[in-house]
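Colleague: The chain contents come next:
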Amino acid sequence: MAILEVNDLSLKFGGVKALDQVSYHVEKGEIFSLIGPNGAGKTSMLNCISGLYTPSSGSIKFKGKEILGMKPYNRTSLGISRAFQNIALFAHMSVLDNLKLGRHVRMKSGMFKGGMYWGGAEKEEVSHRRSVEQVIEFLEMQDIRHTPVGTLPYGLQKRVEVGRALALEPELILLDEPMAGMNSAEKEDMARFILDMHELNGITVFLIEHDMGVIMDLSDHIAVLDFGKRIGFGTPEEIQKNPEVIRAYLGEQEVTT
Amino acid sequence: MLILTALAFLFPLLTNDYIVGLATLCAIASIGAIGLNILTGFTGQISIGVGAFLGVGGYTSAIITSTLGLSFWFAIPIAGIVTAAVGALFGIPSLRLKGLYLAIATLAAQFIILFVITRWTSLTGGTSGMVLQRPSIGGFSFMSADSYYYICLAVLLFTIIYTLNLFRSRIGRAFLAVRDRDVAAQIMGINLFTYKVLSFAISSFFVGVAGALLAHYTMIVSPELYSITVSIQYLAMILVGGLGSILGSILGAIFIVLLPVILGYGVDFASIFLPDMHHMLAAFQEVAFGAIIIFFLIFEPGGLAHIWNNIKNYFKLWPFSY
Chain G
1 MAILEVNDLS LKFGGVKALD QVSYHVEKGE IFSLIGPNGA GKTSMLNCIS GLYTPSSGSI
61 KFKGKEILGM KPYNRTSLGI SRAFQNIALF AHMSVLDNLK LGRHVRMKSG MFKGGMYWGG
121 AEKEEVSHRR SVEQVIEFLE MQDIRHTPVG TLPYGLQKRV EVGRALALEP ELILLDEPMA
181 GMNSAEKEDM ARFILDMHEL NGITVFLIEH DMGVIMDLSD HIAVLDFGKR IGFGTPEEIQ
241 KNPEVIRAYL GEQEVTT
Chain X
1001 MLILTALAFL FPLLTNDYIV GLATLCAIAS IGAIGLNILT GFTGQISIGV GAFLGVGGYT
1061 SAIITSTLGL SFWFAIPIAG IVTAAVGALF GIPSLRLKGL YLAIATLAAQ FIILFVITRW
1121 TSLTGGTSGM VLQRPSIGGF SFMSADSYYY ICLAVLLFTI IYTLNLFRSR IGRAFLAVRD
1181 RDVAAQIMGI NLFTYKVLSF AISSFFVGVA GALLAHYTMI VSPELYSITV SIQYLAMILV
1241 GGLGSILGSI LGAIFIVLLP VILGYGVDFA SIFLPDMHHM LAAFQEVAFG AIIIFFLIFE
1301 PGGLAHIWNN IKNYFKLWPF SY
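Protein chains in written order, with my numbering: chain G, 1 to 257; chain X, 1001 to 1322.
Think of the hints as simulated: they come from the structure by calculation, not from any bench. There's no promise every hint is true.
Straight-line C-alpha distance at most 30 Å; calculated DSBU-like pairs for lysine-lysine [claimed, not checked]:
#1 K65(G) with K229(G)
#2 K108(G) with K1316(X)
#3 K1316(X) with K12(G)
#4 K28(G) with K71(G)
#5 K71(G) with K1098(X)
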């Protein structure tokens, strides 16, 4: 069953077509990758899914339900979480607080309970702290849980960014270039985390990434964008053989004699 | 902290009414400053309408106690709730407006509210204002400086505890998220509009309570007590004290309330040597007030709370510097 279906999605900025009639679907429980050269519209696509952009036409269905008219914060409660490409953490807060914010929609205490704290709110904080600790353990961040995020090195910040998305206990996680700017050891760690969250927690992963080796190894299905158009959709093997994809990535092949 | 609290409770026994009166003003200003800091320091939404919101609190309490003849203990929370509603109403533009634009919108709130207070003569007494009484319970009247100080101190303690708790639970975290990165906050499932308006409401609640306490302290409300100058003073409190810090709000409030007093003593002292200069020195007070704020903005943007932390850290590490 497809968990996410995107049909004929178009997004225009003035006269520029950032996305042009793009269709694909993501199966439940797979690792799906969206690739394409710079400026192809990958992040725009994520912004449409998480609700920051409003597409001009088309539809996005999550578990068979149309989500296009929904506000971003409502989509989060459905179980769609996202890690940003440019780190968008709350720099002054500790890792722990960032992750707790990731669980915002799972928590309930309001201004009265929160202000009284002792009793309801405290109980809630403690029980959610447990779930957050699982994420911390999973991403091996035990030693930095109280550190303000702003003081962490880039690679760890990226990890916290992913952790915040995981803290929601999502069904679908949108990862926007989680490995950008990492060295190969950090990339390997991140690839392992992605595989684990997929296999152990059954989370469907929607991945945007530039590292072709990683993409081909991890993905079950891949969609390729170029200038807002979908030029390929299929398994890694099919994508590797797709002539249009090769053209977009390697340029026109020169005939040499 | 416990020692400080105990000191705050005990010191009226040792000093005279004048000092206790100043302390009362400090406590009331602290409540208002914490309220403003919830909005500006923690949620990042600037407001220049504090003066008018204090007025809403003061007038609500005046109407409830003097016109309707109901009890002070009932009037204080109602004053808070009414101000919260008014604050939330003027917080609605905050969804679309940010920074300077929001500042101007709240400035409009300041003038609209004062205009209504001045012109709605049948309800508010217009420019001549209204007279209030000190509260009483059973046969006991809180007429003396000491007893009223304790009321204000109790409310301040409640405010501090509520705010501290708020910012270690869900709503408070959401406020910080809205301040730091509103786009990411939305993706976390935070409805920006709801939380901004909520922040305006909670903030205005405390400002309103402070306004009501102040009104019962001065025992008079009139429009000129709630001018734009008051708004600026409150902004100065949280800037000097430290944005996004509860301790800072209190320190800033004490600082701004006591500054004119201390400057006044300074002027008196200086005029012993320069008797002819007395008038000039009186004007100098205002200059010093402005200069100190600029000084803080440039040299210690973290405010008094930051200085306090530095001192604490220094002594923690003393005698080794690292």
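Colleague: Each hint: holds or not?
Modeller: Each hint tested on the structure:
Taking the CA atoms of K65(G) and K229(G), the gap is about 24 Å. The hint holds against a cut of 30 Å. With a C-alpha separation of about 38 Å, the suggested pair K108(G) and K1316(X) falls outside the 30 Å cut-off, and the hint is violated. Taken as a hint, the K1316(X) and K12(G) pair is broken in the structure, with Cα atoms around 58 Å apart against an allowance of 30 Å. Taken as a hint, the K28(G) and K71(G) pair is honoured in the structure, with Cα atoms around 23 Å apart against an allowance of 30 Å.
For a cut-off of 30 Å, the pair hint linking K71(G) to K1098(X) stands: about 20 Å separates their Cα positions.
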